[in-house]
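J.: Dock chains G and H against the given chain L, drawing on the hints supplied.
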Amino acid sequence: MKKILVLILSVVLSVVSLAGCGSGSSNTTGKETDTQEAATVAEDNLSLAEQAIAERKESGNYPTIVMAFLNWTGAPSGTERIQNLISAYTEEKLGIHVRLEILDSSSYSQQMTLMLASGEQVDLFNAVYVGYSSSVNKGYCLDMEENDLIQTYGQGILDTMNDVYVNACRINGTLYGVPQQRDMAIGMGGYVIAAEYLDGIGYDYASMYTEGSEFIQTTPEEIEEIFEKLHETYPNIYVFAPQESFVRNSVVYDDIGGDVFGVLMDMNKLEVSNVYSSEAFKALCEKAYEWNQAGYISRDTLTDNTTGAAQVKAGTAMAYMSALKPGIAAQEAGIVGRDIVVFQTSENIMRSGAVASMPWCISSQSENQTAAMQFLELCYTDPYLSNLLCWGEEEVEYVKTEDGHITFADGVDAQSTEWYNNVNWEMPNQFIAEIWEGNDLAIWDKMEKFNNEANVTKALGFTFDNSSVTSEYSALKNVYDEYIYQLIYGFTNPETGIPEMINKLEVAGLQKYMDAKQTALEEWEVSNKISE
Amino acid sequence: MRLRNSKHMSRNNKMFQIICNGIMFVLSACAIIPMLLLLISSFTDNDTLIRNGYSFLPEKISFYAYEYVFQSGNSIISAYGISVALTVIGTCSSLILTTLLAYALSKKDLPGKTILTFMVFFTMLFNGGLVPTYINYTRVFDLKNTFMALLIPGLLMNGFNVLLMKSYFVTGVPTEILEAAYIDGAKEFKTFYLVALPLAKPVVATIGLFAGIAYWNDWQNGYIYLTTRTDLYSVQNLLNRMIQNIQFLTQSGSSNTNASVGLSTIPSVSVQMAVAVIGILPIIVVYPFIQNSFVKGITLGGVKG
Amino acid sequence: MAETTGALGLTAAQVKSKKMKSLKRFIPIYVMALPGLVYLFINNYMPLPGLVLAFKNYNVKGGIWGSPWAGLSNFKYLFATQDAFIITRNTICYNLTFIVINTFCAIAVAIILSEITSKAKKFYQSAILLPHLISAVIISYLVYAFLSTENGFINNAILKPLGQEFISWYTEKKYWPFILVIVNIWKSVGYSCIIYLSTIVGFDKGYYEAAAIDGATKWQQITRITIPLLKPTIIMLVLMSVGRIFYSDFGLFYQVPRNSGALYSVTNTIDTYVYRGLLELGDITMSAAAGFYQSLVGFVLVLSANLFVRKIDRDSALF
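Chains as they are written, first to last, in the working numbering: chain L, 1 to 532; chain G, 1001 to 1305; chain H, 2001 to 2319.
Okay, chain L solo, but in the shape it has when bound (with noise of 0.2 Å):
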């Protein structure tokens, strides 16, 4: 009798499915010959997923299953309610039960670290900061296309990102882990600049932004003239507060492998070389150097790790440099908390390490495969699901605003908030949960858009295991470190500062380093050819 109910039920479901994969979601490119196949293998699978489901709630016995990630500053203290929410709903939805394991950022690295490694139960996490290629190469993630666990249990997720994301995730071919739904590209070049200066200075923002466009394109010159009349009206603020970021954020390189040490400085040709030799390094310390001197540049920044965003709110300084993506400007003159201008001085770009800096991962030692994938499955496709672990509940940390928004719920705020899941861009699809107040309402299809203009590197998806030279990584970081922000932030010559500093990269190994990464940038090219 149960049988034949799950037949019906599995055919029902087919016919559903099939209905609805006519009309099919914006998100598939749907020509793929993989995504094709997988397509017509999740169509006959289908009934393996619901029976999965029957099985566990038949039984009454319900896996637990835990899911770990970080929140900035640690487990908000409504994560026993919203975790019992969610359980309930996936109890119904799945059969299983959730566990939110949310650690802190600091600790994150050393505490999953710690979990994995001892073989804590951890079925599903985020590799952020704990290194997606070192956790596989410790063997802590699970080929997500074993069995066809993926097409047959997640083929929502396959469905709901983009191929190309997906493919990136990919090591020596194998699928360890999934990105999320966010900001892939970054804008480079870009400037914030607190607008009560400009209005000081007489400059005329207003009328040069481009129809609909959040930042004003502009040169690097114009930004020069800018610093200097800032310089010239205020004297006693520091014009610009540079960051560590302050080279990713203005030379065009794709730093492949996560690191520094050996980058392709053309995005477009597979040649690994040292950007601290180029041109384009050179002129920005030059220019660091000469603003450092003008004093523009505090004196204390080498040992002030305050933000150039909360310099500018305690008024310390009119402008920093800022990574770029549609949604920073209501962002940044939030957190500085005045208006401010963006000036974008070069193009968008997607670097190979921004796909799967922060996948998601089902631990190789998980005794739940199947449910844990289904349940990573609805985070993707569930909009309820997908708006509890961004925001919480409703009616009780957020409510719908009339035009379409979400904002705080009544005798609620920033700091009394129960659950401020403050790293929606870590969960795996923000873009089907609600928009909050200040956004704008289209800022999803606008980060596609981004996403997809942006100018991607030939490497997407290259990844570096350097366990066979790690001793020089150690070495060369330690150099890097020691060098690297008296340069960029204009306290040494760049005349003698940078030829030291290269000697001294090289004597740790850079040679080595960057002829590893190069031979395995061709291995890749060759297997990925292969692949496609």
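No wet-lab data here; the hints were simulated from the structure. Note that the Cβ used here is the ideal one computed from N, Cα and C, for glycine as well. One thing to keep in mind: the hints can contain errors.
Label pairs and their in silico Cβ distance ranges [as the list claims (entries may be wrong)]:
id : chain 1 : residue 1 : chain 2 : residue 2 : range
1  : H       : G2063     : G       : E1059     : 54 to 60 Å
2  : H       : D2313     : G       : L1197     : 26 to 32 Å
3  : L       : E506      : H       : K2173     : 21 to 27 Å
T.: Chains G and H only, in chain L's frame:
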């Protein structure tokens, strides 16, 4: 003769006292002035701190840092409760283990004494490492997310304290007294409890103080072993998480704009100051009471006569 | 030591039975030692075999025991680098300096405190203990308050009025050995002196009274009585410090200089080097290797030092 000597002595003594007091006064000032700065900074408006740096006379006062700390999620009050319970229980247990072992090792003719002492000392130098220790305490002994995880790992007894106490027992508790007790018919444990221990009061108080401070200040155990039981956070654990997260956010904030958002609501600099003040406060309050054990001297009477 | 048996005139048989009794006597002693030893076993010895991680290429499938051997490759990064000499030199030199200076200061403070009779004694003791209680991060901020180029106390309140130019403290190497030593003393003297103080408090006052009657000055009393009596404690503490000679206070060498690259050649120690190098690698085998290396060196040094001390003064040796 005696009179002349005592006058000579008291003049000498007075000079000496003045010098000593003077030196200590200066040292104390050096210790306290930065603390004062710390206190004042915790009451300074965050933006003012960023603008003007640290100052004894801040431009703008603000209690926001304290508001933030007390309001943020987990309750500081219950954390204090945990800290106190942990410190009291931990210190007592630690003293028991340490004194018993130290006394045993101080016995001159104990067979195997050298080996045992060496084994204790060895632990001060070699450590299995974080991962094996973690595996030990979470897989072999299921301590994760329990109170025991705060109490047991690393702090309950350490080689340094044992050896320190052992040394004191050896030099400060003469065997004659112990022999006298045996002759009087006292058994081992009684001798220890009634004779040796009272004589060792200063070192017991010292080790107690060290253990107490170690338990109070510890945040590592909680950091590693408590992930879901946030109600078991001790004060230092809670506060240090806050600092670590702020540090992490600040470091990431310059390279990851998302971190910047997370950081923007925290008055990061003044909060760290406030956190430090909250952590020290109880010790400052309690310490004078414990001090008595050091100040009181011990007269041994007619032993060495 | 008085020969209690001989003086009481016991027979050989009685002496023998007394010896039997004393062996039996040790059983309760072992029982007393048991809880501590059990804890030592659980806490320190059970995880100890995990040190093999230093010699392995860890893979979760094999776990600690099944992972393949890596020989000495995990140690390479500590030696095969141009910084190896600098970090080793820094670690050793600073530790030696700390041992000498801190011991001297702690003893001096302990003696002074023990001599003070006024009520202020309690105040002094509490005051100097305070710096030990705050974390390295906060200390780094306090130091920054003094040494910041723009707003620092020294630049603004001392150099400026004197008409001197501002010193960029965090980029000038030459001051830092002194700064670090001073900060280290500031932080630890209040804590370290406690051991010496409690030892001094336990000394027989009779010695001092006798000396005073003989007309000895305070200074003579200190140098002739107190310090010799402190000898065992001093030696023990120094030996223990020698064992940790390859370790360094991470907070002091990483946080206080604010991780300023310009200062690396005088502030980089083995611990900070390892931290910087491994921060993004998350490699547990390499950090295990570093720990093993530091422990091994300290161990060898302490054993040697202990043997040396044993030859001179048997009782003062650790074992």
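J.: Each of the hints needs a verdict: does it hold here or not?
T.: Hints and how they fare:
| no. | hint | in the structure |
| --- | --- | --- |
| 1 | H:G2063 / G:E1059: 54 to 60 Å | holds, 58 Å |
| 2 | H:D2313 / G:L1197: 26 to 32 Å | holds, 28 Å |
| 3 | L:E506 / H:K2173: 21 to 27 Å | holds, 23 Å |
Violated hints: none; the structure is consistent with every hint.
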